[in-house]
Every structure is written in structure tokens, then in C-alpha cells.
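S.K.: Those protein sequences? They're chains A and B, same order as listed. Going by our numbering, the first residue of the first sequence is number 5, and it counts up by one from there. Going by our numbering, the first residue of the second sequence is number 5, and it counts up by one from there.
These are calculated hints, taken from the structure and not from any lab test. Just so it is clear, CB atoms sit at the ideal spot from N, CA and C, and this is done for glycine as well. There may be inaccurate statements among the hints.
Claimed, not checked - Cβ-to-Cβ under 10 Å is the rule here; a few derived chain A residues that face chain B:
#1 Thr19
#2 Val21
#3 Gly42
#4 Pro48
#5 His72
#6 Ser73
#7 Phe84
#8 Glu85
#9 Ile87
#10 Pro89
#11 Ile91
#12 Pro125
#13 Ile127
Claimed, not checked - Taking lysine-lysine pairs in the BS3-like style, the calculated list, with each CA pair at most 25 Å apart, reads:
#14 B:Lys310 with B:Lys164
#15 A:Lys76 with B:Lys192
#16 A:Lys120 with A:Lys32
#17 B:Lys164 with A:Lys70
#18 A:Lys76 with B:Lys164
#19 B:Lys354 with B:Lys230
#20 A:Lys32 with A:Lys12
#21 B:Lys102 with B:Lys230
#22 B:Lys226 with B:Lys78
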Amino acid sequence: MPFKYFGKINFTPYTKVDKFSDYLQKGKLMGTQCKKCGERYFPPRADCLKCMDDTFEWIEYSGKGKLHSFTKIFAAPKGFEDIAPYILGIVNLEEGGRLISWIGDIPENEIEIDMKVKVVPRIFEEIPEIKLYYTIEKP
Amino acid sequence: MKVGIIGIGHGKFGNRSDATVQELAFEPFKEAIEDANNLRREDIEALIVGSVPEYHMQRSLPGVVAEYVGMNPKSTWLTEAACASGSAAIRTAYMAIKSGLHDIVAVIGVQKMRELSTEEILALMGRVGDVQWESIFGTTFPGYYALYANRHMYEFGTTKEQMALVAVKNHFYGAMNPYAFFQKEVTKERVLSSEDVASPVNVFDCCANADGAACVIMTNEKLAKKFNDTPIWFEGLGAASAQMSLLRRPNLVEIPSAVEAAKQAYAQARIKPSNIQVADVHDCFTIAEIMAYENLGFCPRGKGGKFIEEKQSYIGGKTPVNVDGGLKAKGHPVGATGVSMTTEIVKQLKGDAGKRQIPGAEIGLTHNVGGIGQYTFVHILRR
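With the hints as extra help, turn the sequences into a complete structure.
M.R.: See the structure below:
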């Protein structure tokens with residue numbers, strides 16, 4: 005599953021961490037761990053920021069975390085007008101690291117900073133191409 | 005040996021569909037040469053252009069600007085640090101003069117943005133975030149600052165009203181600045197009722213995409229007095245970077261590169277934040293100005309909202325900020341902004357700011373942020 009299938013519009017089809025999209029298609033949210041010093045990364049990194057080692061292995065993340073901040077985007081960039089307005093959230097993951105994504109089925113009036121959330125891997129069902137992503141949901 | 009500014013120029017900011025990018029660059033360049041005493045164009049040894057190339061149809065901007073303003077065969081090059089490209093160019097000029105490589109250097113910050121549609125600019129600017137893990141979800145520039153704003157409100161109790169007051173102040177002063185895009189005051193109610201862009205950021209919390217150019221001419225201490233009776237000196241320069249991705253930032257309530265750059269600039273100038281008598285800060289969004297008060301040490305962290313509420317950033321307050329209208333009222337032609345800020349501080353320190361003059365100002369500061377804080381340049385200037 006090439007990395008180009010990750011996201012509504014993918015800007016970086018080639019990366020050393022392209023297996024991320026394979027796992028995501030199987031419903032797994034994966035980060036990386038440096039083989040030398042053990043530092044963990046989400047978003048995944050091929051090269052360790054801390055010790056500069058370039059070997060890593062994949063580790064599974066639970067997707068559990070807390071909502072760090074959010075915003076409702078009304079003025080959407082090119083290529084996203086069709087889904088606007090949409091709510092973006094930043095999640096601090098329980099195992100460390102952060103991600104940004106759309107808030108899924110949480111009613112707008114229940115969205116609160118620091119609430120507990122769970123990140124759920126998804127596939128866009130309604131369009132013919134394969135597009136992988138994840139959403140922020142109630143745990 | 006000190007480095008100083010001997011000439012400044014500023015073109016009209018706004019919708020400049022009347023001019024090409026090199027024609028925009030010519031306006032402040034001519035004005036800056038005339039602002040210096042007895043300076044001939046031939047005396048200038050290099051031209052550094054601050055600009056973000058992605059906005060223009062013309063590729064390789066310094067080439068066309070150098071030709072049009074008549075700088076061939078002198079050397080010319082581009083510096084890019086997103087919205088801080090202008091200050092990056094000034095820092096590069098400082099290095100060139102300090103090293104002795106060049107004695108007199110001109111810096112032109114120039115940008116023509118309004119050839120692109122708002123949607124195109126939103127997409128282009130959104131990609132100043134990490135494109136691999138963030139832009140794929142439709143992040144935007146206002147969206148990033150909105151994420152900062154919501155967290156700042158949550159942690160410190162900052163309010164939308166306080167954010168709106170920044171816009172009210174900057175438009176109040178912008179109304180007195182003939183170079184500004186918008187020369188009209190606004191009310192708090194008007195800001196709060198303006199269209200949603202990315203909650204809690206409304207249209208009137210955002211600066212406008214604009215066209216425009218500004219220029220400064222710099223030289224060393226030995227030559228400065230020959231060209232200007234009152235050169236304005238660089239006393240401290242700070243520059244720092246921060247993570248491209250918000251996902252790897254230590255927190256979402258401060259711009260870490262701004263904190264670091266300010267620290268460096270204050271240390272070199274051997275002054276404290278309380279010594280700053282006038283500042284031009286990067287108010288691309290109202291929350292950005294509130295964070296700037298805090299990151300520059302004008303008030304403690306978390307108290308930026310109170311600082312504007314108490315009018316401490318007005319003339320007569322603790323530290324007057326953006327009394328030229330800021331990006332908010334002037335418009336934000338990204339490459340020109342840092343140079344524009346510098347021209348305003350020079351005017352203030354020379355006592356040439358007219359109705360907006362801060363009486364007796366001797367020490368001023370510019371704070372120019374690139375992207376969502378990936379780059380910050382802080383310059384301290386003194387009469």
C-alpha cells in the first residue's frame with residue numbers, strides 16, 4: 005500500500021516510512037522506535053532525532069490520547085472546499101507524540117480541550133480511489 | 005564596528021495590480037537612496053532581496069529586480085525565511101558589512117501576492133506546515149494560529165474580545181499611516197461579528213494578503229555619518245528556528261523561536277525588555293501579537309490578553325506596539341514585511357513618525373516571524 009494513498013490529498017508519495025499506510029489499511033496506527041536508543045516517534049521517523057541512528061522498528065500505538073486543541077476550518081484550501089467546514093484536532097497520544105486530524109462523530113458542543121479521545125484508522129468509503137486517514141473519536 | 009541604516013523607503017501596500025514585482029521594488033529603492041545624503045546608486049555594492057518566490061510568475065526574483073533598479077553588474081541574491089524573509093535579508097546584509105566583504109548594501113523586501121486567489125494562497129500557506137502529516141487534512145495558516153489561540157485561551161483565559169482589541173488598536177494607528185492597505189478604524193463589535201475563518205479566528209483577526217515593497221540601505225560606522233546625520237544602529241540581532249511541524253513543538257502557547265531570538269537580541273544589546281520604547285511585531289493574526297508581547301518579555305507568559313486590555317501597547321502605555329498599524333492594517337506582503345517594520349522603527353527613532361510619534365524614543369525593536377514560527381528574527385535598533 006504505497007504512501008500516496010494516505011490523506012485526502014497526498015503531497016509526499018515517497019518516504020522511508022511508507023509502511024505506515026500498509027498498517028493503517030489494516031486498522032493499525034503505528035509509530036517508529038529507534039533500534040539504538042529506543043526513542044519513539046509519532047509521526048513516524050526513519051532517522052532518530054536524538055541519537056541520529058538510522059535503524060528503526062514499527063510499534064503499535066493504542067490511538068488513545070487527549071485533545072490538545074482544535075479549530076473549525078471555514079475557509080478551506082484548494083482541494084478541501086468540498087468537505088468544509090470541518091473540525092481539526094490535535095491529539096497528544098498516550099504513548100507520546102502528537103497527531104492532527106479531523107474530529108469524527110463527536111457532537112460539536114461536546115468538544116473540549118483535554119477531553120479523552122481515541123484515534124481511529126479509516127478508509128474513505130464514498131470515493132472509488134483508496135484514501136486512508138484517521139479520525140478523532142470518543143474513546 | 006557598528007552597522008547602521010542610512011536610508012529607508014516604503015512603497016504603498018495593498019492591491020497593486022498597477023505594477024509588476026520589479027516596478028514595486030523600484031519605488032522604495034529610489035526613496036531610500038534619496039533619503040540618504042549624497043548617496044549615489046553606484047556606491048551600493050550589493051542588493052539583497054527578501055521575498056518568497058512561490059508567489060510570482062517571474063522566477064529568480066533578484067535577477068529581474070537588480071536589472072530594473074539598475075544594480076547590474078553588482079552582486080545580488082535572495083534570502084527566504086517565509087514571512088520573515090525581509091528580516092533574514094537584513095541579517096544577511098549585517099553579516100556582509102560586518103565581515104568587511106561589502107561596505108554599503110541595499111535590502112529590498114518585495115512581494116506581489118494578489119495575483120493568486122485566496123484559495124490558492126490558503127493552500128500555499130497551509131503547506132508551510134508539515135505536508136507529510138498535517139496538510140493532508142486541509143490545515144491552513146489561520147487554522148494553525150487558531151490551534152494556538154484555542155490552547156492559549158484554555159490555559160490562560162485569553163478571550164476573543166482581547167484578540168479583537170489588538171485589531172482595534174492596529175487599525176486605529178493604521179488609519180494614520182498613508183502606506184497602509186486599510187486606513188480605517190474598526191470597532192470591537194465589527195471584529196467579533198466578522199466572518200469565521202478558523203474558529204476562534206475571524207476575518208478581522210487576520211492580516212490581509214497584499215502587494216508591496218520596502219527598502220533599507222545599510223553601511224558600517226566609518227561611512228554612516230557621511231550619508232546620514234542620524235544613522236540608526238543595530239544594537240542586537242537574534243535569530244532562531246522551531247520545528248516545522250506543530251506536532252513536535254514543546255507547547256502550543258508560545259513561539260519558541262521568538263523566545264530564543266529575543267533572548268539573543270537582548271543579550272547582544274545589553275538591555276532588558278522594559279528598555280524597549282517602541283516595537284513592531286509580527287501580528288499576522290491577533291493571537292500572534294498577544295503571544296509576541298509575552299515571547300518578547302513585555303509582559304509575563306499568559307498575560308498578553310491583559311496587556312492589550314489595559315492598553316499597554318498603545319502610545320502612552322508600557323510598550324507601544326505596531327503604531328504603524330502592523331501587518332493587520334498595513335497588509336502583509338510577506339517578503340516586504342520585515343523591511344517595512346524596520347523602516348517604521350527608524351522613523352520613530354529619528355522622530356519622523358508624525359502623528360504616530362512616540363516622544364523621545366531611542367530604542368526600538370522588530371520581531372518578524374516566518375511561517376508558524378519556524379523562523380524568528382528579532383532586531384534591536386538605537387538612535
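S.K.: Taking the hints in turn, state whether each one holds.
M.R.: Outcome of the hint check:
Nearest Cβ of chain B to the Cβ of A:Thr19: about 7 Å, under the 10 Å cut. The hint holds. For the restraint placing A:Val21 at the interface with chain B, the shortest Cβ-Cβ distance is roughly 9 Å, inside the 10 Å limit, so the hint holds. Taking 10 Å as the C-beta cut-off, the interface hint given for A:Gly42 is violated, the closest approach to chain B being about 18 Å. Taking 10 Å as the C-beta contact cut-off toward chain B, the hint placing A:Pro48 at the interface holds, the least distance being around 9 Å.
Nearest Cβ of chain B to the Cβ of A:His72: about 7 Å, under the 10 Å cut. The hint holds. With its C-beta approaching chain B no nearer than about 4 Å, A:Ser73 sits inside the 10 Å limit, and its interface hint holds. Look at A:Phe84: its Cβ gets to within about 3 Å of chain B, closer than 10 Å, so that hint holds up. At about 7 Å, the closest approach between the beta carbon of A:Glu85 and any beta carbon in chain B falls short of 10 Å, and the interface hint on this residue holds.
A cut of 10 Å between beta carbons decides the hint on A:Ile87: the least distance to chain B is about 7 Å, and the hint holds. With its C-beta approaching chain B no nearer than about 8 Å, A:Pro89 sits inside the 10 Å limit, and its interface hint holds. Satisfaction of the interface hint for A:Ile91 is found here, the shortest Cβ-Cβ separation to chain B being roughly 9 Å, below the 10 Å cut-off. The beta carbon of A:Pro125 comes no nearer than 14 Å to any beta carbon in chain B, farther than 10 Å, and the hint placing it at the interface is violated.
Interface restraint check: A:Ile127 against chain B, minimum CB-CB distance 14 Å, threshold 10 Å, status violated. For the hint pairing B:Lys310 with B:Lys164, the CA-to-CA distance comes to about 12 Å; that is within 25 Å, so the pair holds. This hinted pair checks out: A:Lys76 and B:Lys192 have alpha carbons roughly 22 Å apart, not beyond 25 Å. With a CA separation close to 19 Å, the supplied pair A:Lys120 and A:Lys32 stays within the 25 Å bound.
Between B:Lys164 and A:Lys70, the direct Cα distance comes to roughly 24 Å. Compliance with the 25 Å bound is thereby established for this hinted pair. Between the alpha carbons of A:Lys76 and B:Lys164 the distance comes to roughly 15 Å, so the proposed pair stays at or under 25 Å and holds. At roughly 17 Å between alpha-carbon atoms, B:Lys354 and B:Lys230 fall within 25 Å of each other, so this suggested pair holds. Note on A:Lys32 and A:Lys12: the hinted pairing holds, with a Cα-Cα distance of about 18 Å set against a maximum of 25 Å.
At most 25 Å may separate the alpha-carbon atoms for a hinted pair to count; B:Lys102 and B:Lys230 meet this at roughly 18 Å. The straight-line distance between the Cα atoms of B:Lys226 and B:Lys78 is roughly 22 Å, inside the 25 Å bound, and the hint therefore holds.
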